[in-house]
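Engineer: Chain residues, written in single-letter form:
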Amino acid sequence: MNSEKAKTPSPANERDEGCQGIHAGPGSEKDAIERLSRENDELRRKYSTATQYIRDKVNQLLTVMGTSTLKPEELDDKTLIETDPVGIISNSFVQILKHLHKTNAKLKITNQEIKAIFDSAGAGILVIDREMRTLAYNAKLREQFFPDKSDVTGQPCYKVICNLSDPFSSCPFKRVFDSGENINLMGWVLDKRFYDIFCAPIKDEKGEVTRAVLVYMDITDRMQTEQALRQSEEKYRDLFENANDLIQSIGPDGTFQYVNRAWRETLGYAEDEVSGLTVFDILHPDCSECGPDFKSVVFGETAGRIETVFITKGGRRLNVEGNVSTAFSGGKLLGTRGIFRDITERKEAEEILSSERERLAVTLRCIGDGVITTDIAGKVVLMNKVAEALTGWPQEDAKGSPIAEVLHLIDETSRVVRDNPVETLLKSGKAVDILDHTLLVARGGKERLISDSVSPIVDRKSNIIGTVLVFRDVTEKRSLEEKLLKTEKIESLGVLAGGIAHDFNNLLNAIMGNIDLAVMDLDPGDRACESLSRAEKAVLRAKDLTQQLLTFSKGGAPIKKAASISELIRDSADFATRGSNVKCSFDLPEELWKVEIDLGQMSQVINNIVLNGVHAMPEGGQIYISAENLVIGYDGPELKRGKYVRVTVKDTGSGIPKEHLPRIFEPYFTTKHAGSGLGLATTYSIIKKHDGHIEVASDFGKGTTFSILLPAFSGNAAQNPIPVEKPSSKNKGRGRVLLLDDDDMVRTTTCEMLKRLGYEVVGSAEGNETLEKYQTARNLGKPFDAVILDLTIPGGMGGKETILKLREFDPGVKAVVSSGYSSDSIMANYLQYGFSGVLTKPYQTKDLSSVLQRVIFDI
Amino acid sequence: MTIIKYDICGQICPSTLLTALQVINEYSEQLAEGEVKIAFKTDNRDAISTIPESAANMGYPVTVTKGDGYYLIEIRGGEE
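Protein chains in written order, with the numbering used here: chain L, 1 to 859; chain S, 1 to 80.
One or more hints might be untrue.
For the chain L half of the interface with chain S, some residues (derived, Cβ under 8 Å), not all of them [what the hints assert, rightly or not]: (1) G66; (2) S92; (3) Q95; (4) H99.
Derived lysine-lysine pairs resembling DSS-like cross-links, with alpha carbons at most 30 Å apart [stated by the list, open to error]: (5) L/K71 - S/K5; (6) S/K5 - L/K78; (7) L/K689 - L/K650; (8) L/K98 - S/K37; (9) S/K5 - L/K98; (10) S/K5 - L/K102; (11) L/K159 - L/K140; (12) L/K427 - L/K385; (13) L/K71 - S/K41; (14) L/K399 - L/K427; (15) L/K78 - S/K41; (16) L/K115 - L/K159; (17) L/K57 - S/K41; (18) L/K658 - L/K688; (19) L/K206 - S/K66; (20) L/K71 - S/K66; (21) L/K98 - S/K41; (22) L/K106 - S/K37; (23) L/K98 - L/K206; (24) L/K102 - L/K57; (25) L/K814 - L/K773; (26) L/K102 - S/K37.
Rather than coming from a laboratory, the hints here were simulated on the basis of the structure.
Given the structure is predicted, the values throughout are model-derived calculations rather than measurements.
Glycine included, each C-beta is placed from N, C-alpha and C at the ideal position.
The whole structure should be built from the sequences, with the hints applied where relevant.
Structural biologist: Here's what the structure looks like:
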């Protein structure tokens, strides 16, 4: 035997069992030898027997060990003894026995474990032999199949389990004994209950199946649960499939696990197409936020309400909203489930509504009226900027407040709180107009006159769901209306004044002429001459008055004349302060340049300014009027360079507030209760028409100073020659004069005056009559030397048309125009209209004389 | 683990088994503790059933692999 460790079995200890002590004696040596020989034989025999015994036992043991027996030729007795195979095998047996003890102990434990499992198993366990007899069963099997029976060991299983009296020829478990393989039967029905049965063979050491173990799993409850689940699934599937909403279930990778019929029909996919889709295939590419949103949902980050945009297979945009829930199991995302509703139409409607709202908001912002809407309870819902401004309530403050609080209305006159129109409407259900003379009191206390109406807002069923109040500030409108009324009154007054002045002039003309005639008839020392002279002065003043009336009524271009303004200032100022406790003081230098002015209009200017001062000093005071020459050496915005006369009127009155100064020349601006608001406006207008300028300076509480600048007379005053009054009225005239005047008194008086002057005179009352008489006289060889034509003939041909006809007939006709309207453009520019002279009513005899002498004789 | 190797080629039964048993007995304690592994190289075909069976009855795991002209029977210590 070779060994890497060069180990060899140790030889057995040598034993010398047969050698005992031998005692040889001399007498019995032979006997002793014989006895020893016998004893040797005996010992050999015993040794041989013992050796054989050992060999036999060794062989027996070797056979038990499964190996071949000893062969004498291979192992002699001595070597057998030395090798000690018995010792070797017995030592091995010791180890085998130890192992068996351990194995037995383990088996015992295992048996106990198996028994415990057997008894406590939730499934019935049955052990049968080839004859299908019951060898063992557990408590669960008893409970399942024979709870009321006693021990069934030894009884056939077809009786105990299947309740059959005879063996079941085609029992599937019989095959187990033949095939030696497991058999499983699922859903086997026994006594109205469902079982899954697992059958396993038990084989003996020869591999033959001697027994079989059957395990009965009662699946009745599970079957019922599964059936209920299936029914439930069918029910829900039915609900899902018939739902109009889009229902989908998505796996963690975004693929669709389930979609319902409405989903497929709406998105246009066939059932077999859905499996190849992911949720990202149906998200509209234009919806940039949909992808990330949905991705987070798909990956379980968020869940809940979602609004997104799908795209159908055909490319149609689909706005949807819905709810998405995520399903987890053990912390792992199983997928998401979503229910969506097509809100495309609603979305479009919302967009239209949003546009409408924006349009309405813009309209409301742009509208000039205040607009407030309220709810059915009369609480403010919305108001535009104008309404905010008029009420003084910002919308955020007013929202939800009662309308009566925001729109505080009172009667203009009585100042009693007015019923709020919104509340009235809500009670009556009808549109309400705000009563006239209603004042809106703003939050800050400012009051405005308002007008307009409240209308109900109704729904489709005509139910009132709120009100809309539209109102506007009519304070300014009312003011303008009042001013317009005043203007119309003034215009009417102007027309009336014009008519009166015309008639009044004729009357004055008759009075003046008759006074002249009366004076002519008296001796110069007659006492009546003085009275007539005073009457003449009164008529001249009345003439000025009519001129003012005419200026006021007709306006028009000034009839400018070069004149000294000093006398006009004194007369006008005295006239204006007459009857008041205001005194005027004058500083009017003699070297004052002449100015080119319309005497009547400029008189009105001085009158207005002085009157303004008088009104500013109700307690009396002093007005200082001065004038001075002034040269402006540069062209300014108001005046060109040149020579001017500056007239300054200064009072010591209450003054004009600073904020009123810019407006005092505006028409109708007045702070006086009785003022027309036209005085200073007319003044301004007249000065401008004279190419002049007017300024005002005022120190409130101390007085006001008006400065007027008028261009100085440059030497070429008027286009028309200024009639130069002849100092004597006794100049005798000669020749024939034709007089046209519709007023009998004027015609009679003037005819008499002309006769006194030495003229032969013929009167006519109308233009055609004048023309006829002029033509007749000329044809008869007794032509008229001059014609005096009244400009205005009510209802007939006046001076303007008559001169045209006369000139057609006789281009050399000498005609004088006569009118009370001294500011009429024909009177101002009579040469252009074909006249040779002008005569302003009322005129005196000397006026007649001088104009006729100049016209006829060119004197 | 110590591997103790024996070449018992040329021996036939029952010598091979007795030799193997004697070695296993000698190292029984070390085998039980798992300290040694005994490997027998034999060319006796009977030995590949008798030795493993005896060792297995003693509770030792045994593996037999065939080499070129011999068999290697390895007996590990510890419980089977």
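Engineer: Does each hint fit the structure? Answer for all of them.
Structural biologist: The hints, checked one at a time:
1. About 5 Å separates the beta-carbon of L/G66 from the nearest beta-carbon of chain S, less than 8 Å, and the hint is met.
2. With a least beta-carbon distance of about 4 Å to chain S, the hint placing L/S92 at the interface is held under the 8 Å criterion.
3. At a threshold of 8 Å, the smallest CB-CB gap from L/Q95 to chain S is about 4 Å, leaving the interface hint in force.
4. For L/H99, the interface hint holds, since its Cβ comes within 8 Å of a Cβ in chain S; the closest pair sits about 3 Å apart.
5. The straight-line distance between the Cα atoms of L/K71 and S/K5 is roughly 27 Å, inside the 30 Å bound, and the hint therefore holds.
6. Note on S/K5 and L/K78: the hinted pairing holds, with a Cα-Cα distance of about 28 Å set against a maximum of 30 Å.
7. Pair hint L/K689 plus L/K650 holds up; C-alpha atoms about 23 Å apart against a cutoff of 30 Å.
8. For the given pair, L/K98 sits about 19 Å from S/K37 by alpha-carbon distance, which is consistent with the 30 Å threshold.
9. Our distance criterion of 30 Å between C-alpha atoms is met by S/K5 and L/K98, whose separation comes to about 25 Å.
10. Straight-line distance between C-alpha atoms of S/K5 and L/K102 comes to about 28 Å, which keeps the hinted pair within the 30 Å bound.
11. Between L/K159 and L/K140, the direct Cα distance comes to roughly 17 Å. Compliance with the 30 Å bound is thereby established for this hinted pair.
12. A threshold of 30 Å between alpha carbons decides the hint, and for L/K427 with L/K385 the separation of about 28 Å falls inside it, so the pair holds.
13. For the hint pairing L/K71 with S/K41, the CA-to-CA distance comes to about 23 Å; that is within 30 Å, so the pair holds.
14. Between L/K399 and L/K427 the alpha-carbon distance is near 21 Å, which keeps this suggested pair within the 30 Å criterion.
15. Of the pairs offered as hints, the one joining L/K78 and S/K41 holds, with about 28 Å between alpha carbons and a cut-off of 30 Å not exceeded.
16. Taken as a hint, the L/K115 and L/K159 pair is honoured in the structure, with Cα atoms around 24 Å apart against an allowance of 30 Å.
17. The hinted pair formed by L/K57 and S/K41 meets the criterion: a straight-line CA distance of about 28 Å does not exceed 30 Å.
18. A threshold of 30 Å between alpha carbons decides the hint, and for L/K658 with L/K688 the separation of about 23 Å falls inside it, so the pair holds.
19. Straight-line distance between C-alpha atoms of L/K206 and S/K66 comes to about 27 Å, which keeps the hinted pair within the 30 Å bound.
20. Distance hint between L/K71 and S/K66 is fulfilled; the C-alpha atoms sit about 28 Å from each other, no more than 30 Å.
21. At most 30 Å may separate the alpha-carbon atoms for a hinted pair to count; L/K98 and S/K41 meet this at roughly 27 Å.
22. For the proposed pair L/K106 and S/K37, the alpha carbon gap of about 25 Å is at most 30 Å, so the pair holds.
23. For the proposed pair L/K98 and L/K206, the alpha carbon gap of about 26 Å is at most 30 Å, so the pair holds.
24. For the suggested pair L/K102 and L/K57, the alpha carbons sit about 27 Å apart, so the restraint of at most 30 Å is met.
25. At most 30 Å may separate the alpha-carbon atoms for a hinted pair to count; L/K814 and L/K773 meet this at roughly 15 Å.
26. With a C-alpha separation of about 21 Å, the suggested pairing of L/K102 with S/K37 holds against the 30 Å cut-off.
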